[in-house]
Amino acid sequence: MKKIGFLLMIVCLGWLVLGYSFAALAQKEVVIWHFGGLPAEHKWVDECIKTFNADHPGIKVVRIEKSWMTKSEELISAWQMKTMPDLISRDTVCIPDMVEMGMLAPLSDLFPQDIAAMKDRWLPECWNLGAYKDKVYGILTYMDMAPMLFYNRKMFAETGILLPTTWDELIEAAKKLTTKEHYGIIMPATLGLNDLEIFIGIAYANGGRFLNTEGDEVVFNGPGFVDALQLYVDLFRKYKVAPPGTVEIDYMKTIELFLRERTAMGLGMSWVPVAAQNIGVLPGFEYKMAPFPMNPKISGRYPAASAIMDGTTTYMMISTSKVKKEAWEFIKWVTRPESMQMWAGVRIQGRVATTGDGFETPAFAETYPDLVKQYKKGIALKGAISMPSFPGFTEMVKIFGHGFQSALLGEATPQDALDAVQEECQEILEEM
Amino acid sequence: MASLAYGKKFAIPKKIIIALVALFIVVMTLSPFLWLFITSFKHYSEVFDVPPSLIPKTPTLDVYKGVFTGEQLGRHDPWPLFFLNSLIIAGGAALLCTIIASFAGYGFARFTRLPGVSVLLLLILVSQMFPGPSLLIPVYSTMRKLSLDNSRLGLLILYTAFALPFTTWMSVGTFRNIPVDLEDAAKIDGCSRLQAFLRIVLPISKLGMATTALFAFLISWSEYPFGLILLKTQSKHTVAVGLGAYLREFDVFWNEMAAATVMMSLPLVIIFLFVQKFFVRGLTEGALSG
Amino acid sequence: MSGFFYILPPVIIIVIFIIVPIIYAVDLSLLSVHLIKPTVKFVGGYNYLKVLKSKTFHQIFLNSMRWISLGTLGTILIGLGLGLFLNLEFKLNSLVRGIIFIPWIMPEVCVAFAWRWMLNSEMGVVNEVLMKLHLVPAYVPWLAEKGMVLYVCLFVAMWRIYPFIALMILATLHAIPKELYEAGQIDGTNFWQKFIFLTIPQLRYALVIGGLLTTIWLMNSFTTVFIMTEGGPLHYSEILPVLIYKTAFQSYRLSRAAAISLINFVILLIFSLIYLQAFRKHWRVT
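Residue numbers (this note's numbering), protein chains in the order written: chain L, 349 to 780; chain X, 186 to 475; chain D, 16 to 301.
Simulated from the structure, these hints should not be mistaken for laboratory data.
One or more hints might be untrue.
[Unchecked claim] The list that follows gives simulated cross-link-like pairs (lysine-lysine, PhoX-like), each with its CA atoms no further than 20 angstroms apart:
no., chain 1, residue 1, chain 2, residue 2
1, X, Lys200, D, Lys106
2, L, Lys670, L, Lys408
3, L, Lys419, X, Lys421
4, D, Lys147, L, Lys430
5, D, Lys106, X, Lys199
6, L, Lys467, L, Lys730
7, D, Lys147, X, Lys242
8, D, Lys147, L, Lys528
9, D, Lys70, L, Lys746
10, L, Lys746, D, Lys147
11, D, Lys70, L, Lys586
12, L, Lys746, D, Lys161
13, X, Lys250, L, Lys391
14, X, Lys462, D, Lys106
15, L, Lys430, X, Lys250
16, X, Lys200, L, Lys430
17, D, Lys52, L, Lys481
[Unchecked claim] A few chain L residues that don't get close to chain D, going by computed Cβ distances all over 10 angstroms:
no., residue
18, Val379
19, Phe459
20, Ala505
21, Lys746
22, Thr761
23, Met780
For each residue, glycine too, the CB sits at the ideal point set by N, CA and C.
Please put together the full structure from these sequences, using the hints given.
This is the structure in structure tokens:
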């Protein structure tokens, strides 16, 4: 009997070992590179991964955090070295560039049924941010909108100034709000993409466009952009209501200085609440966000955009992934209706929702009452358009930034500065 | 104050001048380090105070705890592992570099009549100029062809290559200073050239070799761009690459970065306080022996 | 012939990891590799022509030249002063010597980060301290003033290098035989005469090597500028390594970046030949 018992034990053990090793073999690893984002978001994604892994014993998702500032060089070198992950999450602006390099997998071709079923949950404007040439490459979680004006309520109440709604009023308000203790306004103006996006948002609202409608001509030297740039230049150089170091102050420094009461107004995207949540505010500090004032006479040739949008944490699949099905399961998991509510205000404050589920959360209504009102009327995001994105944009926007800064530094008038860089960009566009 | 009575009349002002200059130098040199040190004890929200507070209001050690355990604000950087990686890569490069440079230095100092020796030495001297960001793309393609990308060994060899020109040249200087008679005496005793080199010459040039090693180590320790491009897996990252990851979208966690910097540099700083004397002497014997 | 056993290993490593990549760069610079475009053509000197004609390149080239010449001169002078100072005998001398080496030990990334933050016009501690000491009337935009930013970055780059140069000088000073000075004393020479006629000639070799190393390090000091300003505002603090990096990784133009790299190599080669000429007796073996 002893012998049989022993044998049985061995067989059982062997079975167990075999079973485990098969399970391990069957378990597929999905690697995500997560570019940017805030601690609260990382925590939330990690939770999603945990529940997903528990729910899918055959799949193991691993998240690696990557620096936002070095995203393009990291991806390019990984692409060349063939060490790409399976999924990435980053901004939608880069989609055309990445598609042309062959990096992204067309989700609408690979999973047509799922995509068709999912599509209606998103607002169409948002859904299209993840598409390029009629194919879907990215699924959005939230998005950021520009331009927004955030203002210190206490300072406004003390001076009795009303919220500016036109450019002239903005200049007047900024002049009155400039004191020894604080500046009137800060516009972020480094060469960073985010800062330029904010400015491009203002120019789009003034009827300017980066490219013409056909997409074959660079037109940012038109009056829409030039007048918007003149506004920046006036605030900075003529009225001196912005800090002398404006060209080194980026979007993040703008918010930090605003939250520490060094400026009465600040210009940015929709992420002020996120930053406030992250670094904390002083006691008694109260702020509000408002749409950026308009030019009373829209000077650009194109329709005025109410806002421009960029899906900054969008999930995309890498074309070389060997576990596309499993990776897709995870994308579906982080963008389920329940998850989308979390992205929109429940766990992550201040980002703009992209789906109906997101728009219906109370937390979102609290931060963006106006947007929700429009949504209920069925005109949400009306007039909002996507950040320009086409192959070569990353390179062109840097060159555009040089024109932008040279006007701010007083090297040339806004018109001359933009004319000079338009030529360079046009050449690149024709080369693409 | 006792020195007042003993010194000559002009000795006192001179002392004070020296003290002031020394203080100025120390402050200038240490200011960023000091600032990082102060910041590493601040809470995250205090980091953004305008104007910045010169002394932490409510000092905390939490940041250090986070860096130590790999549980930072929204990140999981295994700093002890990064430190180990850096130690392996920089230490390995230093070792390899010292061995190769010592042999080569000896060779260039002794075998002066071989054909093409001066051309080779010239090549080494000139190549000293190039290991910089201009080589980033070509080196990266070369490493890929050799399958040395995304590998700690690859980076180790690369850093060795970068440090070799200067260190070879340093050791040429060291060995030229060692009289040939010593080896000749050894050869009479029946040693081969290699034995004479290993047993007699190397021990005398210990100091020069240590300097070589230290130089290679420090160069490799702080190199950033090649590490960033060549190491793709987080578990292989070096300290410099890990610190570079603090360049971020929304939140530079200055206090955490400061704590990480302090913790990662402190061991080296302490070591260097002790070895600088030898380093100076080693330099005298090696690169500077004209 | 067994001598080659000693000499060849570094030569082989240097050829594989430095010379081969340079040849590869030459090849790359003659093609039209652009990461977004799939087709690659042979374009000959087009990339060079394009670079040499661009106004931006001229400005950045001038920045680089200012950077190297002023930086090398400044580092050598500071290093010389500091080396002479540390050669004096005073208490805690060895502690000071240890401390000044800290900049060289700290990873360049941290140094650049820390300085960028300290020099920020609105939130930086430098402005705050200077204001408290009443040395400046208002916050100074160190990194946003077009006439200043290059030199501020250069200061930081030098700050990291000068300790090494100072220690080299110090090491040489230690090696000067005492008798030399004693002989001078008898002749009744004063301090300056002693310095110029006795000390400087002894230091010549160290100064040349120090100059060479400083030039190399400054020419390649990419990390400092990239982290502190990314070359901005506009191109006012941009130097060639930063341009190469941006062209390759932000504009995806690998071939053009290779062409700029090679132009950079040529500049470096000219500098190294000047230096080699300066101490040719040390590399000529025979």
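Index of numbered hints that the structure contradicts, given in increasing order:
4, 10, 11, 15, 16, 21, 23
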